[in-house]
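Protein chains: 2
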Amino acid sequence: MFRELSSVYEAERALLEFCRPVTIEEEVDLDRSIGRVLSRDIISPIDLPSFDRAAMDGYAVRSAETVGGNPLSPAYLELGRQALPIRTGAPIPVGFDAVLMKEDSLMREDLVEAFAHVHPSRNVARAGEDVSIGSTVLSKGHRMRPADIALLGALGIIRFNVFRLPRVAIIPTGGELVPLDGASPLPGQAREVNGLMARLYVEMWGGEARLEGIVPDDPELIRSALEASAGCDLILLSGGTSIGDKDYAPGALDRLLYHGLLLTPGKPTAIGTFADRPVVCLPGYPVAALVALYLLVRPAVKRLAHLQGGTPTIKATLSRKIASRPGYTTFSRVSLDGGLAHPIMSTGAGILSSAAHADGFVLVPEDLEGLDAGGAVEVHLFE
Amino acid sequence: MFRELSSVYEAERALLEFCRPVTIEEEVDLDRSIGRVLSRDIISPIDLPSFDRAAMDGYAVRSAETVGGNPLSPAYLELGRQALPIRTGAPIPVGFDAVLMKEDSLMREDLVEAFAHVHPSRNVARAGEDVSIGSTVLSKGHRMRPADIALLGALGIIRFNVFRLPRVAIIPTGGELVPLDGASPLPGQAREVNGLMARLYVEMWGGEARLEGIVPDDPELIRSALEASAGCDLILLSGGTSIGDKDYAPGALDRLLYHGLLLTPGKPTAIGTFADRPVVCLPGYPVAALVALYLLVRPAVKRLAHLQGGTPTIKATLSRKIASRPGYTTFSRVSLDGGLAHPIMSTGAGILSSAAHADGFVLVPEDLEGLDAGGAVEVHLFE
Chain A
418 MFRELSSVYE AERALLEFCR PVTIEEEVDL DRSIGRVLSR DIISPIDLPS FDRAAMDGYA
478 VRSAETVGGN PLSPAYLELG RQALPIRTGA PIPVGFDAVL MKEDSLMRED LVEAFAHVHP
538 SRNVARAGED VSIGSTVLSK GHRMRPADIA LLGALGIIRF NVFRLPRVAI IPTGGELVPL
598 DGASPLPGQA REVNGLMARL YVEMWGGEAR LEGIVPDDPE LIRSALEASA GCDLILLSGG
658 TSIGDKDYAP GALDRLLYHG LLLTPGKPTA IGTFADRPVV CLPGYPVAAL VALYLLVRPA
718 VKRLAHLQGG TPTIKATLSR KIASRPGYTT FSRVSLDGGL AHPIMSTGAG ILSSAAHADG
778 FVLVPEDLEG LDAGGAVEVH LFE
Chain B
418 MFRELSSVYE AERALLEFCR PVTIEEEVDL DRSIGRVLSR DIISPIDLPS FDRAAMDGYA
478 VRSAETVGGN PLSPAYLELG RQALPIRTGA PIPVGFDAVL MKEDSLMRED LVEAFAHVHP
538 SRNVARAGED VSIGSTVLSK GHRMRPADIA LLGALGIIRF NVFRLPRVAI IPTGGELVPL
598 DGASPLPGQA REVNGLMARL YVEMWGGEAR LEGIVPDDPE LIRSALEASA GCDLILLSGG
658 TSIGDKDYAP GALDRLLYHG LLLTPGKPTA IGTFADRPVV CLPGYPVAAL VALYLLVRPA
718 VKRLAHLQGG TPTIKATLSR KIASRPGYTT FSRVSLDGGL AHPIMSTGAG ILSSAAHADG
778 FVLVPEDLEG LDAGGAVEVH LFE
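For the record, the sequence lines run as chains A and B.
Heads up: the first sequence begins at 418 in my numbering, then just goes up one per residue.
Heads up: the second sequence begins at 418 in my numbering, then just goes up one per residue.
Simulated from the structure, these hints should not be mistaken for lab results.
Owing to the predicted nature of the structure, the values given are computational and were not obtained by experimental measurement.
The hints are all genuine.
Pairs count within a copy or across copies, as identical chains cannot be separated in the list.
Calculated lysine-lysine pairs in the DSS-like style (CA-CA distance at most 25 angstroms, straight line):
(1) K663 - K519
(2) K719 - K557
(3) K719 - K732
Just chain A, with the same shape it has in the complex (with noise of 0.2 angstroms):
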């Protein structure tokens, strides 16, 4: 039995305390930097437009000879000499100062008729308007998205500093395990899915997983595995921490901080250091793991990367009864219709197909004795 259960969520502020948001930089090409934080402020070499240039179709002006144009009476300008056709994006000729726009014209052989007056810099996209030469145009800690990759490209940006992506070491151990691509399980054994459960979402997470082959249950082998892995920002230990005679990976750790979580399913999961690494030991139980990378992994991960956010949510109302075990938080898998969200029942932790069914999760609240049919619940969706 666990000597002492702890409020994941006291456990998840011991976990974020370790973890620091990588410092280093590295350089990334503007067409991959999607994603990627920026570690500093970007400062513009150049003026946006470059150039005055015209934000209509129509004719380069001099404004002042516009003047007394309007719709019953034009102004008359001379084809090539006062009005020069010029298209949208093109620089304004030396000496012009606004656009006569296309739908306030005539041309009528050499003449243009100008219908309408226009006033200088009228139609004309001033050079530096959109950003001007020194400013700074995206700001350290800015996470990149398409079309802040077009503003850089603009600016002729290519090449630019981010910070790392955090490496994040997965160990998957437990004798019984098996790798995916090899022979089927014998009774006894059962493919390692876990590993890859995690490196996908620490991925999705904003993360640079490192899964690493499977460890025996062997004391000796995990702490060398967490030697191996000492360089990562963050480790997770997949298996083997529970209090069985086999449970060597809480043990495995320089300091062991929560072993035992008020949270179910989840409840083995442990939270540590190995080589002053903050060190997440995630349970067996495939569902039980799910839980543990949602509420601990994930919060580790985006810190980690300079990122914010929790997990989008959508409320909804609950089809039936959540049950939960009072002092725990329970982490039930809801599946959504509509503005309705279906608990779904399981009778373990070990159950993944539940899982897959769901469309998301609500947590019950450790001084809840479960929620009420008809409910208003806030849904963590399942990325």
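Following the hints, complete the assembly by docking chain B onto the known chain A.
Same frame as chain A, but now just chain B:
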């Protein structure tokens, strides 16, 4: 001037009629299947677990032999004959039918004291309890998430069928454009960035993007580029959509459905077909292109890819008034600060920096003249 302007929603409906979800299938490896959409139901080839197994650490027992065991007066079992040590996940030995939890037992030399009467199947995960052989595990149309991948891995399904990704051709047009990685643009030239922006969004929304080389303003060359892309499921022509002398993009289509939308920015957007493929002509101004991407290309790609879901939204309170042009759907960029949405003032569709500073956008409906400060708005978050 445009002869007739149409609602963006009407144009979207027409576009989606030409976007048929891709029916071609391909095989994918399990560990590369994230985000892919199943083209067939997945049927389990095995029971999971494949054998009766222990759900707890303890002793395999015959339930009948524990009758009468309780915390004050244990039942006595002979170690090795009536009680076999067993770990979570291990097969239940033949002839045994339940697991006595370690916590409910005490071992004294060759005797195990059972402080509980365990019922048949107690603490046993039955073969097929999670997934039974022949049952449907995941249905056609399901989008693969990490937990689904773990489930299929546990079943030994490491290769399966998905719908091919929709292929989206992106053709930048315009004699003023220079490649992003080439020499600095001369006055009158600009770096091609809208194509890259479109490519990154298409990939994010679930398509396979093919960014073609820049095509000059020449009707023949534009048509040739369209012909070369006729094998794609959707074609995006970028630039040359207005009504100037060199705006050849809409004219190059086989069938022009809409040209000129009641949308600001984004009015010069056009939609139509070429070789029976849907085509969107994106305006050359970057922000107008962004608007057309979000309001037309996003739903088109999602539909082709069998995916649902609009942009993620959050509710916020408007900090300042948004002015808008009655009759037009207005796309207003906002930045978020706690629960407040601040409209980003900008003078034109070319101001890409306004999008880079925005967290999302608010759509002002056609029938309103704007939105008042203090009002509740739905902010669509930029991805």
